[in-house]
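K.L.:
Keeping the supplied structure of chain U fixed, place chain Z upon it in accordance with the hints.
Below, each chain spelled out in residue letters.
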Amino acid sequence: MSAAELSAVRLPPASAAARRRRVLAVVLRDFYVLRRSVPRMLEIVYWPTVELLIWGYLSVFLQARRVPAVVAVLLGGVLLWQVLFRSQSEVSMAFLEDIWSRNLLNVFVAPLTAAEYLTGVVAFGALKLIVNVALMAAVALVLYGFGLFSLGPGLVPFMALLLMMGWALAIVTIGVILRFGQSAEVIAWAMAFAFQPFAAVFYPVSVLPAAMQWIAKLVPASYVFEGMRAVLAGRALPWRTLGAAAVLDLLYVIGSLVFFWRMLAKVRANGGLSRFGE
Amino acid sequence: MAILEARGLVKRFGPVTAVDDVSFEVGEGQVIGLLGPNGAGKTTTLHMLLGLVTSDEGSVRLFGNDLAHNRLHALSQVNFAAGYVHLPGALTVEESLIVFAGMYAVRRPRERVNQLIELLDLGELRKRRIRHLSSGQQTRVQIAKALVNEPVLLVLDEPTASLDPDAGDRVRQLLLQLARETGRAMLITSHNMREVERMCDLIHFMAAGRIVATGSAAELASTYGVDDLEAVFLRVARG
Chain U
13 MSAAELSAVR
23 LPPASAAARR
33 RRVLAVVLRD
43 FYVLRRSVPR
53 MLEIVYWPTV
63 ELLIWGYLSV
73 FLQARRVPAV
83 VAVLLGGVLL
93 WQVLFRSQSE
103 VSMAFLEDIW
113 SRNLLNVFVA
123 PLTAAEYLTG
133 VVAFGALKLI
143 VNVALMAAVA
153 LVLYGFGLFS
163 LGPGLVPFMA
173 LLLMMGWALA
183 IVTIGVILRF
193 GQSAEVIAWA
203 MAFAFQPFAA
213 VFYPVSVLPA
223 AMQWIAKLVP
233 ASYVFEGMRA
243 VLAGRALPWR
253 TLGAAAVLDL
263 LYVIGSLVFF
273 WRMLAKVRAN
283 GGLSRFGE
Chain Z
96 MAILEARGLV
106 KRFGPVTAVD
116 DVSFEVGEGQ
126 VIGLLGPNGA
136 GKTTTLHMLL
146 GLVTSDEGSV
156 RLFGNDLAHN
166 RLHALSQVNF
176 AAGYVHLPGA
186 LTVEESLIVF
196 AGMYAVRRPR
206 ERVNQLIELL
216 DLGELRKRRI
226 RHLSSGQQTR
236 VQIAKALVNE
246 PVLLVLDEPT
256 ASLDPDAGDR
266 VRQLLLQLAR
276 ETGRAMLITS
286 HNMREVERMC
296 DLIHFMAAGR
306 IVATGSAAEL
316 ASTYGVDDLE
326 AVFLRVARG
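These protein sequence lines map, in sequence, to chains U and Z. Under the working numbering, the very last position in the first sequence is 290; numbers go up by exactly one each time. Under the working numbering, the very last position in the second sequence is 334; numbers go up by exactly one each time.
No wet-lab data here; the hints were simulated from the structure. Everything hinted at is true.
Where chain Z lies over chain U, by a calculated footprint (3+ residues, C-beta under 8 Å): (1) 39-45; (2) 112-120; (3) 277-286.
Quick list of the computed label-pair ranges, beta carbon to beta carbon: (4) U:Phe-192 x Z:Asp-322: 45 to 51 Å; (5) U:Leu-153 x Z:Ser-257: 50 to 56 Å; (6) Z:Glu-152 x U:Ala-28: 33 to 39 Å.
Glycine residues also receive a C-beta, built at the ideal position from the N, C-alpha and C atoms.
The shape of chain U in the complex, shown without the other chains:
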């Protein structure tokens, strides 16, 4: 087949159009999997709703005992925590789907770069998250009268910072699973929760012991949840601390990508990638 005939079949592989098409293929694949999987569809609604019901009614109970602003603080915490947790777990699950279906080698022999693959799974994870948060916000509004937009303009940086952290953790998760194989898949569910005590989702950082407060300072999410409580208490948006969180997020993302590429190189060198086909 001549070069002209070949170029009639495929887009030039390094062209922007080809890159876009490959990323969209990953998004489309994840969409097809979601559309045909009832458990995955339910997951979007089930766990967030259960959490919202438990924490929502707990906060209603506490408010009835005159604990101030507790509904908003707890529900805000639940909703924003979901942004972090789901952004991490959705991306990790998309990768696990390839392992579970024994399709990973097909993906890695395609002219799909690791960056395109990650972009695709992150993009679809973000789409799912939008649906997820919208549903939860609607439930919180209907049941408790808590509007997510009561967080005001701070909502946008809060969500963006949590998304960045969640994606960085997801990329680390994928790197760990690549390196240690399917037996390490439990990390897909556990990774975000390892950070939860330091993220100060439901309590201020100041209640933590001194050593844990130092760790909390290295967790971008802790600044977000502190900021959320400040806004709900009627104080101004703490832009300076959110800036610190953004710098930390950037370091997290860079670190996660470096880690991922190292793990990928490692499994290509030690034959670990081939073992995903066994």
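P.N.:
For chain Z alone, coordinates are given in the frame of chain U:
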């Protein structure tokens, strides 16, 4: 011109040398067989050619370019199917092919998928999920996926493993037809000697990570003074 050149490939896993100084070429339209007993290094060799495993020594040139530095261009012209790799079970045949057409940046994915569905007689399976197909049907879909980008080189690792004789024969007929009609180069590993005899222009026998014999099926039988490729295999496997 050789479309694939493997030169001095070496791969060690700890103290084990899985592939030891393997060199060979695949020319345009050639069907090459890579044979050998379990653990001979066939799959590791294929995986090095596909960039799944990095070699410790040696080089792979695809279409004249070094794979390590031109991965994107090289892999866009190659495709792969193996008995041990599956397609996403939740997707239908059509969805799966559309997704891979996208991953290979095929210009008109739906048109190409329709061609493949017709070529591989998958019309009735089009809307069925992969996980609900028989092994033979799944293999046909795998081959459709492997053709989605009109590859210049098709790498097939035990494509008929786990198929019953009837399904295996159908797949062999199909691959032979593809090789003859499209002039597509193929690199195949198999434990089915009759399959290799029927399909391959040239065979490389591997044992303990090295290529120990090369030739057509008839040449190899003659070299070893036996009747057929199966007897050659037994000689090689038993040292």
